[in-house]
Amino acid sequence: MPRPHLYLLVALLVSGGVSYFSDRIDPYHLDVLIGVGVNIILAVSLNLVNGYTGQFSLGHAGFMSVGAYLSAAVTLFVAPQLLGAGGGTALSQGVVFFFALLAGGLSAAVAGLLVGVPSLRLKGDYLAIVTLGFGEIIRVIFQNFEPLGGALGLNGIPAYTNAFWVLAFGAVTIFTVACLVHSTYGRGFIATKDDEIAAEAVGLNTTLYKIVAFVVGAFFAGIAGGLYGHFKQTISPSGFDFSKSIEIIVMVILGGMGNTVGVILAAILLTLLPEVLRPVAEYRMILYSFLLIVLMLARPQGLFNFHFGRKQAA
Amino acid sequence: MTEFLQQLLNGISLGAIFALIALGYTMVYGVLRFINFAHSDVFMVGAFVGYYIGRHVPEHTLWGGFLALAGAMAVCALLGVIIERLAYRRLRGSPTLNVLITAIGVSLLLENLGQFFFGATPRPFPELFPVTTFIVGGVYVSSNQLVVIGVTLGLLLALEFIVHRTKIGTAMRAVSLNPKAASLVGINIDVVISFTFALGSALAAAGGILYALNYPSIDPLMGVLPGLKAFVAAVLGGIGNIPGAALGGLLLGIVETFVNGSADWSSYKDAIAFAALIIILLFRPAGLLGRFTTEKV
Numbered sequence: 001m002p003r004p005h006l007y008l009l010v011a012l013l014v015s016g017g018v019s020y021f022s023d024r025i026d027p028y029h030l031d032v033l034i035g036v037g038v039n040i041i042l043a044v045s046l047n048l049v050n051g052y053t054g055q056f057s058l059g060h061a062g063f064m065s066v067g068a069y070l071s072a073a074v075t076l077f078v079a080p081q082l083l084g085a086g087g088g089t090a091l092s093q094g095v096v097f098f099f100a101l102l103a104g105g106l107s108a109a110v111a112g113l114l115v116g117v118p119s120l121r122l123k124g125d126y127l128a129i130v131t132l133g134f135g136e137i138i139r140v141i142f143q144n145f146e147p148l149g150g151a152l153g154l155n156g157i158p159a160y161t162n163a164f165w166v167l168a169f170g171a172v173t174i175f176t177v178a179c180l181v182h183s184t185y186g187r188g189f190i191a192t193k194d195d196e197i198a199a200e201a202v203g204l205n206t207t208l209y210k211i212v213a214f215v216v217g218a219f220f221a222g223i224a225g226g227l228y229g230h231f232k233q234t235i236s237p238s239g240f241d242f243s244k245s246i247e248i249i250v251m252v253i254l255g256g257m258g259n260t261v262g263v264i265l266a267a268i269l270l271t272l273l274p275e276v277l278r279p280v281a282e283y284r285m286i287l288y289s290f291l292l293i294v295l296m297l298a299r300p301q302g303l304f305n306f307h308f309g310r311k312q313a314a
Numbered sequence: 001m002t003e004f005l006q007q008l009l010n011g012i013s014l015g016a017i018f019a020l021i022a023l024g025y026t027m028v029y030g031v032l033r034f035i036n037f038a039h040s041d042v043f044m045v046g047a048f049v050g051y052y053i054g055r056h057v058p059e060h061t062l063w064g065g066f067l068a069l070a071g072a073m074a075v076c077a078l079l080g081v082i083i084e085r086l087a088y089r090r091l092r093g094s095p096t097l098n099v100l101i102t103a104i105g106v107s108l109l110l111e112n113l114g115q116f117f118f119g120a121t122p123r124p125f126p127e128l129f130p131v132t133t134f135i136v137g138g139v140y141v142s143s144n145q146l147v148v149i150g151v152t153l154g155l156l157l158a159l160e161f162i163v164h165r166t167k168i169g170t171a172m173r174a175v176s177l178n179p180k181a182a183s184l185v186g187i188n189i190d191v192v193i194s195f196t197f198a199l200g201s202a203l204a205a206a207g208g209i210l211y212a213l214n215y216p217s218i219d220p221l222m223g224v225l226p227g228l229k230a231f232v233a234a235v236l237g238g239i240g241n242i243p244g245a246a247l248g249g250l251l252l253g254i255v256e257t258f259v260n261g262s263a264d265w266s267s268y269k270d271a272i273a274f275a276a277l278i279i280i281l282l283f284r285p286a287g288l289l290g291r292f293t294t295e296k297v
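Sequence lines, in order, name chains A and B.
Per our numbering, numbering through the first sequence is continuous, rising by one, with the last residue being 314.
Per our numbering, numbering through the second sequence is continuous, rising by one, with the last residue being 297.
Note that these hints are calculated values from the structure, not bench results.
All of these numbers come straight from a predicted model, not from anything done at the bench.
One or more hints might be untrue.
As the list claims (entries may be wrong) - Dumping the calculated DMTMM-like pairs for lysine to aspartate or glutamate here, alpha-carbon to alpha-carbon at most 25 Å:
(1) K269/B / D125/A
(2) K269/B / D241/A
(3) K244/A / D219/B
(4) K244/A / D270/B
Given only the sequences and the hints, what does the whole structure look like? Please build it.
Here is the structure:
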């Protein structure tokens, strides 16, 4: 068995193990663990777009909301008819939840395709602002779409998300991104980031690579959104605004763009930081933003990027 | 027709405020090539400084209003210089994204400090200027709208004078064109950049007070949405281009007011700003007044 597949298997076993013992783990720690897992999925998938492919997207929260809404709609409106009045067994609930997440991920991927095709011909700051614009448009549409709750959002979403689902999908996300990056596509992504003109000159279809990265990133953002919705049990459009996208981007940049391990560590650190700062609740956000500036000034290459010898591509 | 003129007037006075904020984004982008996300919070600080000065000067007087305006502009100019000195200067020459994330950090810091010191609840903004309403040919013209348009015009003319007729303005344009060449001919880049931040932040402070006068409550997060829209306006006009920012702001204000005025679409007004931006960027990626630069290998 190749090594990445072995790691994936181990990770899935660990996630199964954790959920087996989850009754004995403190619920607060379990909640934090789920929060960490969701953020890892978001940050690793965004890293594929922003880090490896070098396309600065500011709309990740928008794709997350598409996934959250669609999967919640499946479990709220479609599942009761499938499961019957009794609510079904734990296994059938699990199967329904899996397909709900998949539906959320796929619809987010479609949204990613619709956004990506026109906007990926823009570069740099312009791409950033257009993806930001699309993210805000998605939010406003949900805000005005009454069948999905309008501005109030959806409530009473079944609490299907547990440590197993989050850790398992986290492992699958990391595995997929790692495999993709080490494939022909991955070379294409990195070539597109390093020098788009040179990549085109040797015959790479850079537009295709950008769109593939964008769609895969959106897919996992949708999955993360579904997990998040079935964890919080309530979602509203205001929870997926611009500041949520920023939160994810901060993880990617602190972890070091295009460095999956670093991004995972940053996602863990930045999810735990507000929890650790809870005793000083009043100053919590002030300290968070202050630390962000200090970290950026002290380690501009990313907190967990240790490739000192390698020269940065311009 | 009367309704059209009324909406046009409302749009222009909203657009004037967007233009003032957009100028700060565009000038900083012009010299440093990065998006100063903290700009929208300087706008918020400006409104709060105006609020505190406004409590100590008599309401409904011209001199009181202009004193609050000048005070807020001075404080924010200083704030802008301090932010640049402490947070951005060390990162000059590092990748844009690092500066961008620092700017986001500064923005969050200002918002949270604002919530800590001012509290999160919105406060009513004092009526600084005399308030009357004129009716011209069926169109209601509030004195605050005249103040907004008058102050914006005055500031735009002053900016035009500074950028094109003074030594420091010439230096700004030189740095914007080519920083290395500018420093070779003896321009002190640090001074120019500090000056640019001071100028942009002062304009944002003026925008903050004018905004607060017309939407009379202020809170620490008030800058977020106008800031985003002003940034959209700057890109719309071609980022880095000063007349472009003014034009983009004005257009955005007018379009948003008209959309807001139509019953069917008013709840989509925040989305329309971005939709218009996306359409324009797809057909004219450098913005309305921006110049295309062909990339040379």
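To see whether the hints hold, each was checked on the structure:
no.	hint	verdict
1	K269/B / D125/A	holds, 23 Å
2	K269/B / D241/A	holds, 16 Å
3	K244/A / D219/B	holds, 20 Å
4	K244/A / D270/B	holds, 18 Å
Going down the numbered hints, you'll see the structure goes against none, and every one checks out.
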